[in-house]
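J.: Single-letter residue listing:
2 protein chains.
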Amino acid sequence: MSVIEKKTVQKVEGGGILSPAGFKAGGIHIGLRYEKKDFGVIYSERPAQSAAVYTQSHFQAAPLKVTQESIASAGLLQAIVCNSAIANACTGEQGLKDAYKTRELIAKRFRLPEEYVAVASTGVIGECLPMEKIEQGCSHIAVHKDYNSAKSFQQAILTTDLVEKAACVEVTVDGKTITIGGAAKGSGMIHPNMGTMLGFITTDANISAPVLQSALKKAVNTTFNQITVDGETSTNDMVIVMANGTADHKPLNENHPDWENFQEGLTLLCEDLAKQIARDGEGATKLVEVSVKGAHSDGDAKVIAKKIVGSNLVKTAIYGADPNWGRIVGAMGHSPAVLQPDTCDIYIGGELVFSEGTPQVFNEQSVSDYMKNEEHVEISVFLKDGAGEGKAWGCDLTYDYVKINASYRT
Amino acid sequence: MSVIEKKTVQKVEGGGILSPAGFKAGGIHIGLRYEKKDFGVIYSERPAQSAAVYTQSHFQAAPLKVTQESIASAGLLQAIVCNSAIANACTGEQGLKDAYKTRELIAKRFRLPEEYVAVASTGVIGECLPMEKIEQGCSHIAVHKDYNSAKSFQQAILTTDLVEKAACVEVTVDGKTITIGGAAKGSGMIHPNMGTMLGFITTDANISAPVLQSALKKAVNTTFNQITVDGETSTNDMVIVMANGTADHKPLNENHPDWENFQEGLTLLCEDLAKQIARDGEGATKLVEVSVKGAHSDGDAKVIAKKIVGSNLVKTAIYGADPNWGRIVGAMGHSPAVLQPDTCDIYIGGELVFSEGTPQVFNEQSVSDYMKNEEHVEISVFLKDGAGEGKAWGCDLTYDYVKINASYRT
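Sequence lines, in order, name chains A and B. Those letters in the first sequence? Residues 0 to 409, by numbering that gives the first Met the number 0. Those letters in the second sequence? Residues 0 to 409, by numbering that gives the first Met the number 0.
Hints listed in this document are in silico derivations from the structure and should not be mistaken for laboratory results. All figures in this text were calculated on a predicted structure; none of them were measured in a lab. A couple of the hints might just be wrong.
Identical copies go unnamed one by one, so any copy, or any two together, can satisfy a pair.
Pairs of lysine-lysine residues, derived as DSS-like cross-links and limited to a Cα-Cα distance of at most 27 Å, are as follows [claimed, not checked]:
#1 Lys371 x Lys402
#2 Lys292 x Lys383
#3 Lys64 x Lys96
#4 Lys383 x Lys96
#5 Lys6 x Lys402
#6 Lys383 x Lys150
#7 Lys35 x Lys10
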């Protein structure tokens, strides 16, 4: 008997924010960028239970404050508006006024209460939004259900990202399929700002805002929060999710028998987007994945993984295809996590390069070839301190990183 | 009446580890490096009260363990031996045996108790010392008082540093002049290791080991611990001080009326060496100094200063002579320190670029020229959260950093 069983959690190639039923989107050019689309909206046909996580930067940009206020009102959203090119950060009172105005105009455009609208921005900091352009954008933007509308939104949120970022996951709940879709933008420089990470997630799941908040936070902790391009946190980082409840299943919460499926699906979607962001880091030629197992705790494993993937020395060694385990040891060595140096094994790809505090004899050429030829380089660390596990993702550090960030004005 | 008053704490140009009375040094080539000197000793004519601080890395190298044991014995040292090229780190039992053997041989050579000898190493990790060469070095090394012997030691401890690093400070205690001298090595890469920072300090001050330990720790906290080249901590980092007590003054401690002079002098010496290390960072073209005032506490100020100077985005902006205050804000924004964004002023050189949460109009060209032309770029941040002050030093991030660290094997 051969039955192909459907997995309870699985990725869907080619899907995105419009894969779940009941959502529309659009993206247009309003003149903030030279030619490219720069203004987009995701729209939910009905009020959606919503949740978001925000940058930990002390300098939180104006749109994040407005979005927080919207979600705090009733946990419901029906539209998210996002512009690129100008981040509306470090803009004081005027910036806050402009973010409120944008919210008000989108609410009018779609006949929604203002509190049903979230606002996101990315781009230059320290510059105010040209509000006449934003006003035009708010009155002209249209939303549709088709594939191209999702693409238009995906394009409108980019800054100097090289590629669009979208993902989709299907999850079985109560024997039925629910869908989670997402779009993201990553790290690219626009003078005079650091890159911003934005994630937009839609789902037809039936779930309340507080439960969704806790699921999102958990998912982000092991995914978006575990990527690093250059160790910087933007003023505008935000991941936001709308759940419109059109899927026909019992409300999801931790007691629901399929709760783990949903949490896993949401995490998988976030991981997919996060990896796309890391791979598209400035000047990057490779995605680097570091996996730590056997740590004292999951938290320790995450800290160690992120230390390794964030190390300039590890990043340049990967760019140079140099199987330089000493730099991995160095990066782990100064992590604040609990760590027993004498019981530590390190693999690059499948090759054991360091074991129990002692260097191993290995084929340097073949490991170097692996680092050179693979677009996705894996470093695995096994400790013997416990059952803690964690991953982190980043990219190599290249001449182009320095070029993009040092000389784009000259 | 015109009397030129001598300052109670002042730098002495051209001085170093042999400036205080009672010390000798030497450095020779024993074949660990191709041609350059690679093995050195500092010798004190009498047992010196000693103290040291060590790397916080979990992977502490063997020589550091042996040195800790020596100092723990009676707080006295009479010789410090240091080799470059091989760090004797991650070398397990054999490494520890070799470090003990080195100590034993130097003790024999100078007829000292073994516990009067400290051991330091820097270079490749994961390789064992070629002990026949070390043994030869231990039996051949000679120490003298002349300027060239200090230089020989300074050279012997370098790896890929471009320049020798030495400093000297004079301090008035009980109306007399005491001298503090130092040598250091900084951050340079040797496959497959991260750079190592070593500091060696000598003084004729009359001070007990425990008091010296607390003074050294305090001095290192605001100096060596406030430099960053690439955010890495080596397995071998160490700063060590010998005080031989030949200066004729009452024993120094916190109740001595000139205690602050001594603390200030020791800190000034450490700062001088630390800045030389930062300036000689891999591929660096500039020393960057970040000063933070008005922070909630000194600790907060130090954390914020180090975040800014350690930011890849700030470092590339400085290399590109781009007065990109947004990156400074970004780096500060994700520091764990207490910080009020709305009361923050930022200067690049003498130019106010950001004030109280708002961008300032300034002459971009003149600030860019300043960043381009100065070898020493200063960024100043004024908060209004308290009286906390702190500084940090680093360097710019250049193509050469990537080159040195990615492609030195190809």
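J.: Can you name, in rising order, the numbers of the hints this structure does not satisfy?
T.: Going through the list in order, the structure violates hints 5, 6, 7 and respects the others.
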